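A.B. asks: Mapping of the sequence shown onto the numbering used here: residues 1 to 211, in sequence order.
Errors might be hidden in some of the hints.
Claimed, not checked - The calculated lysine-lysine pairs, modelled on BS3-like cross-linking and capped at a C-alpha distance of 30 Å, are:
1) Lys145 - Lys10
2) Lys195 - Lys22
3) Lys119 - Lys142
4) Lys10 - Lys125
5) Lys81 - Lys151
6) Lys171 - Lys93
7) Lys145 - Lys172
It is worth saying that the hints were derived from the structure and are not from the lab.
As the structure is a computational prediction, the values presented were derived from the model and not from experiment.
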Amino acid sequence: MNNFSPNMLKTYISCPKKYYFKYIQNISMPQPASFFEKGKKIHALANYYLRGADISNMINELNEDEKLVLEKLLNNEFFKKNYVNSEYNLSCKIGTYWVSGRLDALMHDGNDYFILDYKTGAIPKNPETDFQTMVYLMCADKKLKTYSSLKFIYIDLRNNRNAITELTQEKKFLYEKTLIETCKKIAEETEYSQKSDFCRFCEYSKLCSIY
Numbered sequence: 001m002n003n004f005s006p007n008m009l010k011t012y013i014s015c016p017k018k019y020y021f022k023y024i025q026n027i028s029m030p031q032p033a034s035f036f037e038k039g040k041k042i043h044a045l046a047n048y049y050l051r052g053a054d055i056s057n058m059i060n061e062l063n064e065d066e067k068l069v070l071e072k073l074l075n076n077e078f079f080k081k082n083y084v085n086s087e088y089n090l091s092c093k094i095g096t097y098w099v100s101g102r103l104d105a106l107m108h109d110g111n112d113y114f115i116l117d118y119k120t121g122a123i124p125k126n127p128e129t130d131f132q133t134m135v136y137l138m139c140a141d142k143k144l145k146t147y148s149s150l151k152f153i154y155i156d157l158r159n160n161r162n163a164i165t166e167l168t169q170e171k172k173f174l175y176e177k178t179l180i181e182t183c184k185k186i187a188e189e190t191e192y193s194q195k196s197d198f199c200r201f202c203e204y205s206k207l208c209s210i211y
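Use the sequences and the hints to build the structure in full.
C.D. replies: What follows is the structure, given as structure tokens:
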């Protein structure tokens, strides 16, 4: 497999065995629907709103907490930028590997571009070196080709703050190197060893006891 998403890269780094179950064996473990319900609603409404739809009736169906979260997003300074696209698939070639992702939204202000990713839960502890940041910035860089600035914005709706990473030449070099090295490890992996750091929180932990 030579096409990698941020989730695939994160999963492999956290535990090659989990990667094996999830992406090689294609084993899906059920999780409570309520765990994702709020995020799905907010993302769907944001997409409709950015595309010009009237979402007033849909907002009435939200509970008070969901309405508050949506209000934070609609009032966010980056969400108010000029719309380019939303729920947008991007891919690019890094070395001999393909990486891809689905952007929540791409906005601009003149020739400055902003990739938005809204989170109703926690954002990464180190946003600048998160695989989602790296993949999205590198793909957008290759897609846009010319721009004044390109930034990735984690919109932290839980804490009402933004985590901003601007793509620089130094970061491009680091991201390309990291992505190629990680993709190469996955492509050449044969053992898929288990990492025990997060086993008790892993949905695949019972499968590991079988193997």
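A.B. asks: Could you work out which of the previously given hints the structure breaks and list their numbers from low to high?
C.D. replies: none
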